[in-house]
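A.B. asks: First to last, the sequence lines map onto chains A and B.
At position 57 of the first sequence (counting the first as 1) the number is 57 in this note's numbering, and the numbers step up by one without a gap.
At position 71 of the second sequence (counting the first as 1) the number is 185 in this note's numbering, and the numbers step up by one without a gap.
It should be emphasised that the hints constitute simulated quantities derived from the structure, not laboratory data.
These figures come from a predicted structure and were not determined experimentally.
One should not assume that every hint holds.
To be verified - SDA-like, lysine to any residue: derived pairs with alpha carbons at most 20 Å apart:
(1) Lys60/A - Glu217/B
(2) Lys52/A - Asn216/B
(3) Lys52/A - Thr212/B
(4) Lys49/A - Thr127/B
(5) Lys171/B - Gly1/A
(6) Lys56/A - Glu15/A
(7) Lys125/B - Lys56/A
(8) Lys49/A - Lys125/B
(9) Lys56/A - Phe159/B
(10) Lys49/A - Glu211/B
(11) Lys56/A - Lys171/B
(12) Lys60/A - Phe219/B
(13) Lys49/A - Lys171/B
(14) Lys171/B - Ser3/A
(15) Lys56/A - Glu217/B
(16) Lys52/A - Lys125/B
What the hints assert, rightly or not - Among chain A residues calculated to face chain B with C-beta under 10 Å, some are:
(17) Gln6
(18) Ser14
(19) Phe18
(20) Tyr30
(21) Lys56
(22) Val82
(23) Ala91
(24) Leu102
(25) Gly105
(26) Gly107
Claimed, not checked - Chain B stretches covered by chain A per the calculated footprint, using a threshold of three residues with CB under 8 Å from any CB of chain A:
(27) 122 to 131
(28) 146 to 155
(29) 220 to 227
Glycine included, each C-beta is placed from N, C-alpha and C at the ideal position.
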Amino acid sequence: GDSVTQMEGPVTLSEEAFLTINCTYTATGYPSLFWYVQYPGEGLQLLLKATKADDKGSNKGFEATYRKETTSFHLEKGSVQVSDSAVYFCALSDGGTSYGKLTFGQGTILTVHP
Amino acid sequence: DTGVSQNPRHKITKRGQNVTFRCDPISEHNRLYWYRQTLGQGPEFLTYFQNEAQLEKSRLLSDRFSAERPKGSFSTLEIQRTEQGDSAMYLCASSLETAGRNEQFFGPGTRLTVL
Chain A
1 GDSVTQMEGP
11 VTLSEEAFLT
21 INCTYTATGY
31 PSLFWYVQYP
41 GEGLQLLLKA
51 TKADDKGSNK
61 GFEATYRKET
71 TSFHLEKGSV
81 QVSDSAVYFC
91 ALSDGGTSYG
101 KLTFGQGTIL
111 TVHP
Chain B
115 DTGVSQNPRH
125 KITKRGQNVT
135 FRCDPISEHN
145 RLYWYRQTLG
155 QGPEFLTYFQ
165 NEAQLEKSRL
175 LSDRFSAERP
185 KGSFSTLEIQ
195 RTEQGDSAMY
205 LCASSLETAG
215 RNEQFFGPGT
225 RLTVL
């Protein structure tokens, strides 16, 4: 079945550091890929998405490129802020017969210090 | 606020009791999903509704779990004879399937603790 694997966490960075959170996936079809973020005390929010190979999703300074050849969707940001501290989830949606249900990775806790 | 709402936000119950959670999706969203999230893990899919029809159920959803979405609006998730292993955050999400787009909007979740 479909699966998503995220890099082991947690990740601790200083403000303005470069961020990479690795995500790889296994899927039988051609999934859509997502990054969701969960800020402390809040619900999951969609951060960015990509629906086909080589697409780049971007939002709030974060970027991720859909790499079909390496089955990856790594999240990057050039300069993190304290307000980026949150849990980040990589997810996929196999839009074939699964009605868009999401399969999530285990999440990566990001802490940014001033 | 026009987001997805869930009630209650927290529920503490004793093993063997029944509990029911409610989810109010964004109005006009025709798709509704339930997920379960345990500590340190990502959410896991439980079940899915298209309007009032329950079209998919995960193998995670044992016979003690039942979900409904009468009239295609709000949804309820009931757990009968709760067990300590049911302790988790239960998340609801809704979406509007339009031209292949299916962005899911999540509620804040109901945290269940079974003593």
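A.B. asks: Take the hints in turn and mark each one as holding or not.
C.D. replies: Taking the hints in turn, this is what the structure says about them:
1. Lys60/A - Glu217/B: holds (18 Å)
2. Lys52/A - Asn216/B: Holds: lysine 52/A and asparagine 216/B sit about 14 Å apart, inside 20 Å.
3. Lys52/A - Thr212/B: Satisfied, since the Cα-Cα distance of roughly 17 Å is no more than 20 Å.
4. Lys49/A - Thr127/B: violated (38 Å)
5. Lys171/B - Gly1/A: holds (15 Å)
6. Lys56/A - Glu15/A: Answer violated: lysine 56/A to glutamate 15/A is near 24 Å, above 20 Å.
7. Lys125/B - Lys56/A: violated (40 Å)
8. Lys49/A - Lys125/B: violated (33 Å)
9. Lys56/A - Phe159/B: violated (26 Å)
10. Lys49/A - Glu211/B: Measuring from Cα to Cα gives roughly 16 Å; hence the hint holds.
11. Lys56/A - Lys171/B: violated (32 Å)
12. Lys60/A - Phe219/B: Answer holds: lysine 60/A to phenylalanine 219/B is near 18 Å, not above 20 Å.
13. Lys49/A - Lys171/B: Given that 20 Å is the threshold and the Cα spacing comes to 25 Å, the pair is violated.
14. Lys171/B - Ser3/A: The given pair, whose Cα atoms are some 18 Å apart, holds under the 20 Å limit.
15. Lys56/A - Glu217/B: holds (17 Å)
16. Lys52/A - Lys125/B: Violated, at roughly 40 Å.
17. Gln6: holds (8 Å)
18. Ser14: With a minimum Cβ separation of about 25 Å from chain B (threshold 10 Å), the hint on serine 14/A is violated.
19. Phe18: violated (24 Å)
20. Tyr30: Violated. Min distance 12 Å.
21. Lys56: Status violated, d = 17 Å.
22. Val82: violated (23 Å)
23. Ala91: Holds, because the Cβ-Cβ distance from alanine 91/A to chain B comes to roughly 7 Å (cut-off 10 Å).
24. Leu102: The hint holds - leucine 102/A has a Cβ within 10 Å of chain B, the shortest such distance being about 6 Å.
25. Gly105: At about 5 Å, which falls below the 10 Å cut-off, the nearest Cβ of chain B leaves the hint on glycine 105/A intact, so it holds.
26. Gly107: For glycine 107/A, the interface hint holds, since the closest Cβ of chain B sits about 5 Å away, which is under 10 Å.
27. 122 to 131: Result for this restraint: violated, n = 0.
28. 146 to 155: holds (count 4)
29. 220 to 227: With 4 residues in contact (Cβ-Cβ under 8 Å with chain A), the coverage given for the stretch 220 to 227 of chain B holds.
The structure fails to meet hints 4, 6, 7, 8, 9, 11, 13, 16, 18, 19, 20, 21, 22, 27 from the earlier list, while all remaining hints are met.
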